[in-house]
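Read off the chains here:
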Amino acid sequence: MSDLPHLTLVLGGARSGKSRYAEELLMRAPSPWTYVATAEALDEEMRDRIAHHRERRDARWQTRDIPIDLAGALPKLQGPVLLDCLTLWLSNVMLAGNDVASETDRLIEALKKTPGPLVAVSNEVGLGLVPETSLGRAFRDAQGRLNQRVAAVADRAVFMAAGLPLELK
Amino acid sequence: MSDLPHLTLVLGGARSGKSRYAEELLMRAPSPWTYVATAEALDEEMRDRIAHHRERRDARWQTRDIPIDLAGALPKLQGPVLLDCLTLWLSNVMLAGNDVASETDRLIEALKKTPGPLVAVSNEVGLGLVPETSLGRAFRDAQGRLNQRVAAVADRAVFMAAGLPLELK
Amino acid sequence: MSDLPHLTLVLGGARSGKSRYAEELLMRAPSPWTYVATAEALDEEMRDRIAHHRERRDARWQTRDIPIDLAGALPKLQGPVLLDCLTLWLSNVMLAGNDVASETDRLIEALKKTPGPLVAVSNEVGLGLVPETSLGRAFRDAQGRLNQRVAAVADRAVFMAAGLPLELK
Chain Z
1 MSDLPHLTLV LGGARSGKSR YAEELLMRAP SPWTYVATAE ALDEEMRDRI
51 AHHRERRDAR WQTRDIPIDL AGALPKLQGP VLLDCLTLWL SNVMLAGNDV
101 ASETDRLIEA LKKTPGPLVA VSNEVGLGLV PETSLGRAFR DAQGRLNQRV
151 AAVADRAVFM AAGLPLELK
Chain B
1 MSDLPHLTLV LGGARSGKSR YAEELLMRAP SPWTYVATAE ALDEEMRDRI
51 AHHRERRDAR WQTRDIPIDL AGALPKLQGP VLLDCLTLWL SNVMLAGNDV
101 ASETDRLIEA LKKTPGPLVA VSNEVGLGLV PETSLGRAFR DAQGRLNQRV
151 AAVADRAVFM AAGLPLELK
Chain V
1 MSDLPHLTLV LGGARSGKSR YAEELLMRAP SPWTYVATAE ALDEEMRDRI
51 AHHRERRDAR WQTRDIPIDL AGALPKLQGP VLLDCLTLWL SNVMLAGNDV
101 ASETDRLIEA LKKTPGPLVA VSNEVGLGLV PETSLGRAFR DAQGRLNQRV
151 AAVADRAVFM AAGLPLELK
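Protein chains in written order, with the working numbering: chain Z, 1 to 169; chain B, 1 to 169; chain V, 1 to 169.
The shape of chain Z in the complex, shown without the other chains:
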């Protein structure tokens, strides 16, 4: 038995302990667990980060690399799913030149259809000064809108700081 609701959003800054907290949440549900990785190992820094995250997970985890087509893949996944993270997914969608608004709509529908329980990790990136580039502003705005959309359909949402959760919902 799991005490997790259908969808939990774990929101926070860089190195706020989001991924670890999300993993611990998901592991309250019975294994096997699916780890949906949106990261693409494009450079060494990224490979290090991915390896660092993977070394925490054992054989009860199955890893799926889904950089873009979450809408197609998520509803087919059975059992507990950790989605880490929506920020890299958004970045991948924008880099691919896909339409962010319609991809966001598709993602929200897919989240609703995924059996779950599902824990989704995302970054809050809008709490600094206005970015100097128009791409930076576009990304920040798209991320903020995405976070609002996911939070609206989530059963629970937390804001992480220093590894500790503040309850948003």
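Note that these hints are calculated values from the structure, not bench results. All the pointers check out, no bait thrown in.
Selected chain V positions facing chain Z (Cβ under 8 Å, derived; list incomplete):
1) L11
2) D141
3) F159
4) L168
Cβ atoms here follow ideal geometry from the backbone N, Cα and C, with glycine treated the same way.
Knowing the structure of chain Z, use the given hints to seat chains B and V on it.
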């Protein structure tokens, strides 16, 4: 009858749902409502943002454009007022070369004298790395001090993330 | 008698009222109080900030300048200690070319051994866009990890915004 206190501060990052939440709060008071806009449509990106905000508001709203002289204008406004936002006001004050400390003092006195209820929107901008430019640091510091001053005289203050409020006060 | 626990972490953005709140907390314990300053007055802007912080403190405060060796100094301090702040300490450690991971380990052990009560101030810097430089990313990551480590051994942790605390722990 309104269940709003005299002054509410809605603080948050970019695209955190501040404006929408603030509008919904204010609409708990009986219309007509006054929307005090501090934005100046200096470029197309800004015009788009302003238009996006306006399309949510109907004829029960009266819009007043007050980029700088909030201290002179606010106390004369009768009925519920949405002030959106203090960050653009601060930016306008600094760009005009006005003294930020004395303008902040005048604003605080004006907020106290405004009949209200009043809902003020402001950005938290100090949660990234130290800005590289001295102007960036000066703006970040002035915004932080302004937020502290307004929160101190507010009856309620919330911190928004992903469209959801955390109660500061 | 003091109602302060052994270790309190006051986390927040720039100009969020962290230092003032931390000082007020510490002054609930009986004086004399020790102010551990990690700032180095390398330029005029920094000197102004330091002077601004000092002018709030009277003769009941003893100031100790400890830019790097907190691990050696803290356990020897008797009575209530305000540590302001871990962000400048981290910056000093990195600029000196010291190993951040082992220095963080040493700091955590020292915090445990300090008689206290101890109030530590730190910045949250990970809530903006990804920094453009690799040094910026390294600093942001080290700060986030440090905040998690300190929060884990703290008895209480708060996240400040607009001068007001949200309870993390």
